[in-house]
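K.L.:
Chain by chain, the residues run as shown.
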Amino acid sequence: MTNQTLSDSPADLYQSLSDAVVGMDEDGVRALANAAVERGVDAYTAIDRGLVDGMSRAGVLFETEEYFIPELLICADAMYAGLDVLRPHIKRASTRARQRVVIGVVEGDTHDIGKNLVKIMLDASGFEVIDLGRDVPPQRFVDEAVAHGAEVIALSTLMTTTMDAMAEVVTLLRDAGLRDRFRVVVGGGPISQKFSERIGADGYSPSAPGAVKLVKQLAGEAA
Amino acid sequence: MSELTPKERLLRVLRKEPVDRPPVICTGGMMNAAIVEIMKSTGHTLPEAHFDAARMAELAQDVQAATSFENIGVPFCMTVEAELLGSSIDHGTLECEPKIAREVFPSTGTVAFGDVDQMVRSGRIQVVIDAAHRLARNNPNVPVIASLTGPVSTAASIVDPMTFFKELRKNPAGAHRVLDYVTRLLAAFAERLLKDNGAGAIAVGDPSATGEILGPAMFEEYALRYLNQLIDRVHELGFPIIVHICGDVKRVRPLLAQLRCDALSTDAMVNLVQLKTDFPHVTTMGNLSTFALQWKEPESIGAMARQLVAQGIDIISPACGLSTSTRLDNIRAMTSAVKDGGV
Chain A
16 MTNQTLSDSP
26 ADLYQSLSDA
36 VVGMDEDGVR
46 ALANAAVERG
56 VDAYTAIDRG
66 LVDGMSRAGV
76 LFETEEYFIP
86 ELLICADAMY
96 AGLDVLRPHI
106 KRASTRARQR
116 VVIGVVEGDT
126 HDIGKNLVKI
136 MLDASGFEVI
146 DLGRDVPPQR
156 FVDEAVAHGA
166 EVIALSTLMT
176 TTMDAMAEVV
186 TLLRDAGLRD
196 RFRVVVGGGP
206 ISQKFSERIG
216 ADGYSPSAPG
226 AVKLVKQLAG
236 EAA
Chain Z
228 MSELTPKERL
238 LRVLRKEPVD
248 RPPVICTGGM
258 MNAAIVEIMK
268 STGHTLPEAH
278 FDAARMAELA
288 QDVQAATSFE
298 NIGVPFCMTV
308 EAELLGSSID
318 HGTLECEPKI
328 AREVFPSTGT
338 VAFGDVDQMV
348 RSGRIQVVID
358 AAHRLARNNP
368 NVPVIASLTG
378 PVSTAASIVD
388 PMTFFKELRK
398 NPAGAHRVLD
408 YVTRLLAAFA
418 ERLLKDNGAG
428 AIAVGDPSAT
438 GEILGPAMFE
448 EYALRYLNQL
458 IDRVHELGFP
468 IIVHICGDVK
478 RVRPLLAQLR
488 CDALSTDAMV
498 NLVQLKTDFP
508 HVTTMGNLST
518 FALQWKEPES
528 IGAMARQLVA
538 QGIDIISPAC
548 GLSTSTRLDN
558 IRAMTSAVKD
568 GGV
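Order-wise, the sequence lines are chains A and Z.
Each residue of the first sequence is one higher than the one before, starting from 16 at the first, in this note's numbering.
Each residue of the second sequence is one higher than the one before, starting from 228 at the first, in this note's numbering.
No wet-lab data here; the hints were simulated from the structure.
Treat the hints with care, as some may be off.
What the hints assert, rightly or not - Sample of chain Z residues facing chain A (criterion: CB under 7 Å; computed from the structure):
1. Phe392
2. Lys393
3. Leu395
4. Arg396
5. Ile440
6. Leu441
7. Gly442
Cβ coordinates follow ideal geometry from the N, Cα and C atoms, glycine included.
The following block holds chain A by itself, in its conformation from the complex (with noise of 0.2 Å):
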């Protein structure tokens, strides 16, 4: 599916591997990723014209139901295969601190896709993510979002019964004297708006692309 000649600028090829993730592409942009390392394109701007944006209209062809799970996990392994090829060519210069998010499944099982595809589309939008797993008691969200210096706390449950555990969260935070410094989204299958509002978390989404617009959002303003 690759076409990429040396006489293409790299602007064209930001686009092909762009175009290669969003066309679930693997061996394409690890291709690609390999062209750019040997012409020496910058690192930094090949992962964020081409991988980065290309994951990126990936969400959107989510969010349009154009595609579903399947495609976008695919997109994405072919965004970390590109990933593992340029990141280590990344000039020090070009990295800045990103924003860091805590995600975790307070009670699930290996069914925690939601978890999953929020993270990596929170990878993709330059966030730095530490991925607790799936149960994950309550205090080590608080633990570990205080040990790394996280803005947000990012949650998620599949079991009804378990509701309570992410309550407890936003409790712990605010016996500790800690609740101003963490944004708390939650998500999941059994979760909703008005379950968020009663817990006194900062926001909830539905799916994995508004997780992402809403942590955005909560960080810029925790910064």
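Given the structure of chain A, go ahead and fit chain Z onto it with the hints provided.
P.N.:
Chain Z in isolation, oriented as in the chain A frame:
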């Protein structure tokens, strides 16, 4: 027709025959009413009842007696099939249902195929079968519904789901092999429940098979195809089958009408009246909000249930999996509103 037993009423509705009023049921499995309040009062508790036929039957009987749902439902989780197929299970607690701790296979290509006819005589499948047998023997007038985990959800519980969902697109042949295998296992499980052990109907919940997750093309290629394969097998055996589809279904509405099940159950956000109007041949089931059952008061639950009856919904039931902290007085308000019109 006031003489109808709960079993006759449900079976008639599933055959599209006239009845005096809709039945009010809760299938078990994903949609089970083994709430903490009931278990604490009877002492028949989870997680123990997941593993022992006598205890499972006792709890199912307790749930029916306390709630007045017009069926008895087993089991109380969605991990029976995946555990038998090799995945490791977190057995849960009184408050929290069991869940998959780790899938046994990293990808469809690594799945080891067993002999399904042997497998359905072992593990917790045998526990569920024995429980259904006891319950059917002791309750001739109340339908015993056995709940199965749907093909896509079962497959995504034995193969790492992140990989499995990608393989639906990247490796269709591998995905079909696994789905065919788990569907054969589910059909063999259903056959044992129905043929010799007294279950009156099968219910299937397939929460990983939604339009939001798969999109219409893959819903048709995988979910619809294998659900219909299971449905056809249950029909060959001469029994009815109910399918619950999660999510808002808007991307897969026309495909839902192609499910050959005897009743279609949906989540609370789905307008069942509209679904009935669009697809008159579909027997609708649902869809009282489980959020409401947990948080609202009995008066509003009664009103919601009466509205579903007034709208002509064929079978009244909760819209989704109930929280184990759901209030019993709310469930009772739901069942009595359907039965007597009262709160």
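K.L.:
Run every hint past the structure and note whether it holds.
P.N.:
Results of checking the hints against the structure:
1. Phe392: 5 Å, holds
2. Lys393: Hint on lysine 393(Z): holds, closest Cβ of chain A at ~5 Å, below 7 Å.
3. Leu395: 5 Å, holds
4. Arg396: 4 Å, holds
5. Ile440: 5 Å, holds
6. Leu441: This interface hint holds because 6 Å falls under the 7 Å limit.
7. Gly442: Hint holds; glycine 442(Z) Cβ to chain A Cβ min 3 Å, cut 7 Å.
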